Amino acid sequence: MIGVPTALLIGFLLLLLLLLAARGMAAARDLPSGSDTPLLDALEFAPCPPEFASRIFSPEDSKFVSTTKSPQLAKLFRSERKIVALLWVQQTSTAIQRTMREHVQIARASEDLEFATEVKLLLLYAELMLICGVLFVAIQSAGPLWLRGLAIYADAHSQRLAQVEQSFKAATAARELHGAGVS
Amino acid sequence: MLSQFIWWGSIALEVLLLVRGSREKLAFRYPVFYSYISFVLVQDIFFFAVYRNTQINATVYWTAEFLSVMFGCAVVFEVYRVALLSYPGTARMARSVLALVFALALAKGIANAWGDHGWWLAVNTREIERVLRTMQAAAILGLFSLFLLYAIPFAKNLRGILLGYGSFVAVRVISLQFVPERQRDFWAYAYSASYLLALGIWVAHLWAYSESPVPKPATARLENDYQRLAAATRRRLEAARGQVVKAVRS
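For the protein sequence lines, the chains are A and B, in the order given. If you're matching positions, the first sequence starts at 1 in this note's numbering and goes up one per residue. If you're matching positions, the second sequence starts at 1 in this note's numbering and goes up one per residue.
Incorrect hints may appear among the rest.
Sample of chain B residues lacking proximity to chain A, with all beta carbon distances greater than 12 Å (derived) [to be verified]:
no., residue
1, A27
2, P31
3, V40
4, L237
Listed next, the stretches of chain B that the computed footprint assigns to chain A, with coverage defined by at least 3 CB atoms under 8 Å from CB atoms of chain A [to be verified]:
no., segment
5, 66 to 76
6, 157 to 171
7, 186 to 198
Source of the hints: derived by calculation from the structure; they are not laboratory data. Keep in mind the model is a prediction, meaning the values are calculated, not measured. Backbone N, C-alpha and C define an ideal beta-carbon position, used for all residues, glycine too.
Just chain A, with the same shape it has in the complex (with noise of 0.2 Å):
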């Protein structure tokens, strides 16, 4: 009925996870329980400003070292822009936790809480931390220049890919009035 792999991967979950509760519990029992929250909408949400988020991986400031033709200075500016991105997003993913937070301590008491929409905002949630951890990595491992070439890549795959299936759907609209057209 219930196959053996699903079953020591549920019992194997629990069990992490029950560690990590041991551990975790104490702690998350003094935090606040939330009621001096203030209105979501007063919030600021932007760790930093935006101009300097887009900064950050922006290539102006790398062209502009490369052209004192100082590798010392070159490589210095790659390591400094590294960590400013790597903090810019800890940052972001701080401020992402907290939303969150800030939500399930409302939520929690609420008598008209909805599991649709619970659902939806922790997809999305889940889908921002996954953004977070991928970028992490990237710029640990190639820095913040190579992730927004690979962004712009990816952007001009994407919209290569939109118009493909633009003109496929198109083609297929013009064949199905065609055989309506015959019979």
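Let chain A serve as the given structure and place chain B on it in line with the hints.
Same frame as chain A, but now just chain B:
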């Protein structure tokens, strides 16, 4: 020798737990849990007495095991009821998650029965316990994840009941996959010792009564308007996503 130690150890810890529970009046706060411990104690003493004279009848043994699983489900329900008394939102989520777990298990069971008409001939008592324990573990996993996600504060006593029973069920599910039918090996002892481990956790956490954290009254405006709260959270999360994408692509 080892099995004797596990048996005697279990009986001693159960008696200790019941004595402390009645002295600290914990038995009145968690009646289902202490009824479960009393039931297991009676079961242990009975089997210990019978085992010395003759082999235990398989039907009697598995009936007791089945009753123990059912009692365990009631313990999980008691944890859910007590922990989420002040959190109706999380209680609603928990009900949906548990319904989903049982619906999935039922659907899988029906699908298997549909594909293999003779499945019930091959199913034995061990298989039934394996399925029931796995479902119990899935329910505890879902419930526990919700407790962590919604940061539900726990009193030491309730935390102990959940941690002890959860670890007992988890080890039981894992060892049930490997325990041989007749001979006694590591997994057979692990299967028995999992209960001893749970008893240790319970004695440590239920030695004395611990005050439950009382939640402060929530912000009235937002509590009464869940839709507004959810919309605000979604707006903030989507703003975060927009900022991340914009920063990387700029």
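Is the claim that A27/B lies outside the interface with chain A correct, judged by CB distances over 12 Å?
holds, 24 Å
Do three or more residues of the segment 66 to 76 of chain B come closer than 8 Å to chain A, measuring C-beta to C-beta?
violated (count 0)
Given as non-interface: P31/B, partner chain A, CB spacing beyond 12 Å:
Correct as stated: the minimum Cβ-Cβ distance to chain A is 24 Å, above 12 Å.
Are 3 or more residues of the segment 157 to 171 of chain B near chain A, judged by a Cβ distance of less than 8 Å?
holds (count 7)
Beyond 12 Å from each Cβ of chain A, as asserted for V40/B
holds, 20 Å
Holds or violated: is the Cβ of L237/B farther than 12 Å from all Cβ atoms of chain A?
Violated: least Cβ distance 5 Å, not greater than 12 Å.
Closer than 8 Å Cβ to Cβ for three or more residues is the test here. Does the segment 186 to 198 of chain B pass it with chain A?
violated (count 0)
Violated hints, in rising order: 4, 5, 7; the structure is consistent with all others.
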